Amino acid sequence: MIFKRHTILASWYWLSAIFLFTPILISIVYSFNVGVLGKQTARFTGWTWAWYPAAWHDVSLCGALETSFLVAAAATAIVVIIGPMLGFALVRHPAAKMRAALLGLTFLLIVVPEIVIGTSLLLSFAALQVPLGPATLIVSVTPGGIAVMALVVRARASTLDAHLEEAAADLGSSNLQTARLIIFPQLRPAILTGALLAYAFCFDNLIIASFLTTATTNTLPVYLYGSLQYQPSPTVYVAAGFVFMFTSALLGLAGLSWHLASARRSDLPKGIET
Amino acid sequence: MHRQRHAFIHFCAGIPLVWLGVVFIVPLLISVVFSFGTNTFGGITFGFTLDNYRTALSGLYLAVLARTIAFAAGASFTCLVVAYPVAYFIAGRTGWQRTLCLVLILLPYFSSFLIRVMSLQILFSRDNILDAWLQRLHFATGPLDLINTPVAVLVGMVYAYLPIATVPIFLVLERIPPALRDASRDLGASYWQRFLTVTFPLSLPGVVTSALLTIVPMLGELVIPQLLGGGRGVLMGQIISSQYLQAQNYPLGASMAVILMLIVGVLLHLSWWLGRRLEGRVR
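These protein sequence lines are chains A and B, in that order. If you read the first sequence in my numbering, its first letter stands for residue 1, the second for the next number, and so on. If you read the second sequence in my numbering, its first letter stands for residue 1001, the second for the next number, and so on.
Rather than coming from a laboratory, the hints here were simulated on the basis of the structure. Treat the hints with care, as some may be off.
As the list claims (entries may be wrong) - Some chain B residues judged to face chain A by a derived CB distance under 10 angstroms, without partners named:
| # | residue |
| --- | --- |
| 1 | Pro-1027 |
| 2 | Val-1064 |
| 3 | Ile-1122 |
This structure is a prediction, so every number in the text was calculated from the model and none was measured. Beta carbons are placed, not taken as given, at the ideal position from N, Cα and C, and that holds for glycine.
Excised from the complex, chain B in its bound form (with noise of 0.2 angstroms):
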């Protein structure tokens, strides 16, 4: 009887990790395997080569994965400093206004990823209808000129990672047990000593997770520095997709991807380590 079950559970497994081995594993590892081989006039060929890792680690390519590197970094840290914030404020709700309050951060991830972008276009450029608006109230004392610049890439990268931020921080903070903060309160502590010593590190491994989920496609960020950074400061993800619709290397932009899942596998590696060192402390 058990057998027959376990025959089940197992037809449960296997048949996702067949679909998932075909169409992704597999292509993942037919990257790897073009990542050594060498760009020929209208072929490749195949072999062990490390000349596309030698390309894209130096010159510009090297100077872009510093930059995207660095990029990602800082925006997913701004991402966690507005996020963590809202997250406190949907954790101390409760009933249906808690949950409100985590559909109106939520909602907006999931409307159309480019249609965001392209409003924010509109609204880093000059003369947009908002910019026009405040300045007849005299909010604002100057156009809004942002676009094409760095900044607008940083503000455009945490506005779309923003709610992805936000879910970890609130599930870690709403399980947090309130007899912990009022234990210490009734121990004399204030409120700032209470976010310090209780409430913020029994938080980290959700911030972790928030960072983890943030820095990750951020890196690979394609869309965004497109069509907010204009022609300069090139991430990543551009110069890999350039790779395969552009300049048809397919070698030197499987390279690229190999080297951004490394990076990837880095930090999943980081935060995992991260988060047993915070578990261990906690218990």
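So that you can see chain A by itself, here it is in the shape it has in the complex (with noise of 0.2 angstroms):
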């Protein structure tokens, strides 16, 4: 009877994480299709490599592609400044209502439907008169990334010893130096998966960065999402799995710090020692 209970259970997960993953198979197995007269369709026609090369020439694509990159990068250089300061204050902060607006603020961020928050940013910056451009779009994609960070640093912090700050300000240590000596380098690998979650988030944003883009700024999703309004060619599908690469890629790195991290957290004293 157990047994058979926890077969129940086992297929039905299985099934879910069949169900979950079978899209990004299809999306895989079409960017092989034929389709026709250069358009894809859902009826599998052949198998062909041609759509490889063809997404390497597709000037559009390329661009956008490296608007996504250049956006993405930029916009987690400043979720990594201010992020971490959200995340570290969550948790250091004296004020105990202090505390409790930010993760308000924090849980706001996840909380507001990205077409609220897209929407408004783009009325604002009609109403300021600030022309759409690569900045815009890159300061636009900062909150959600912040309420990552912030979370995944407030998961680290919460575990630090604030008598090791104390211990430095008595020493004389000055608050750079604490900041730079003492707390930074145990925070280090919480950044460095926040930021590498951000990033993956950034570069995927398509709500938000849909009504933020223009002609001229273009990121991949949003290109994307664009040429499905007439049939796309399967190029759009071989981008689509370069995407997903080196989106794995990202998070596995990720996860690889985190892991690395948590291995190491029992000698972090000694490391602060020297």
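Each chain sits in its own coordinate frame; assemble them with the hints.
Below you can see the structure in the form of structure tokens.
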């Protein structure tokens, strides 16, 4: 009886996993589809490699990919500075009310639908007559990344010993020295993990970005979305597969850095002594 | 010395507050201001009128709002029903098996969202490769033709948010001390009694979090209904987006966004209230 129950549960799990992975597999298979008249079709009409070189030579596709990389990198640079500050303040701020307010803000970042954020930013830029471009796009995707980073850093900072920072201050180290020599080294793995997650998040953002892209600043997801209005060619699936591999690699790195950090956690005080 | 330390932590809190204030809070407030304005030809007159809200809450738009809420609630519920056993299975594993099982569910969530929806579009269409194989193997009797139906949108939403729904339930199940279940078994409770009286009630806070984390993005979902639902069964996200990108009626779009935020606020409050009640009962 127990065995049977476990089997049902296990089957449910594996069916769900297959359900989640099938579309990813399908997108890879369909990047090899011949299609009809250069357009992607649901009917699989034959295997071909041709779309891979075609994607490589597609100027607008490569341009969008390049913009995506740049926007995500610049947004991550901002997230790496601001997110850890927020995450640290969430744990260490002396006023409980302030901690609660900051936590509320962090959850608000996660809970406000992206369409509301995107349209509000578009309105604001229009109202303040800020011309749309790479800078406005970069700024607009940072809130979500900051929330992710803050939560990852918060999880790590809550395991740290505040006495270390107090001891450093008592021994005469300035705030900057304490931050650089005591706090930052302990938070570094979390910041790295958070940065990779934020990069993946910013890279993949579609809804916020779709309101803020222009004819000249177009990210890959927005470009792909736009190309769906007129049946796209299978090159789009090539780019998609490439992006999936890239994001998976990033996430693998994030997982590895987190894993290594938790493995090293036991001998952290030793590292601080030196 | 302590004052100096406090200066540092105030700096840490201040910088994000300023940044998020400028790129997040102020834009939301600007949306609120716009929602009370009037759209005139080629511009916006600011003032205080409730006309946009009246329009947004009447006729076709009201029907869309009602359909969106019903859809999000249904999809979120379905998502929870699928996610609960998945989370339960993962929480039942130990060591590296548990990590692997969790990663397998989470990994697809981090691959490009749009591409997964595009692939679902293929999967739901007639004569796709999987459909062809299944028919050749005589597993399927007729072609699967889900595309451009409400069911396709529902399946798409469950698909997209299943990983998000699984994590909070898993985190709660993982923390339930095995001793509690052992105790109830020693007292003679059967498996189902144990589950219904011990495990399930204790996991409800996680279920509430999952419901919140899935229903909120579903309310504003734009891509899934657009790609899988075809022109029929338009949802709130599409209507808001078209006010900005096609109709150029910013005040009306802003009022719809504000309505969406208010609904999210109500849901947040509800989940907070439920969470407190549930925790109070456990103690």
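The hints, checked one at a time:
1. Here the hint on Pro-1027/B is kept, as its CB sits about 4 angstroms from the closest CB of chain A, short of 10 angstroms.
2. Contact between Val-1064/B and chain A, as hinted, is not supported at the beta carbon level, the nearest pair being about 14 angstroms apart and thus beyond 10 angstroms.
3. Look at Ile-1122/B: its Cβ gets to within about 5 angstroms of chain A, closer than 10 angstroms, so that hint holds up.
In summary, the one numbered hint that this structure violates is 2.
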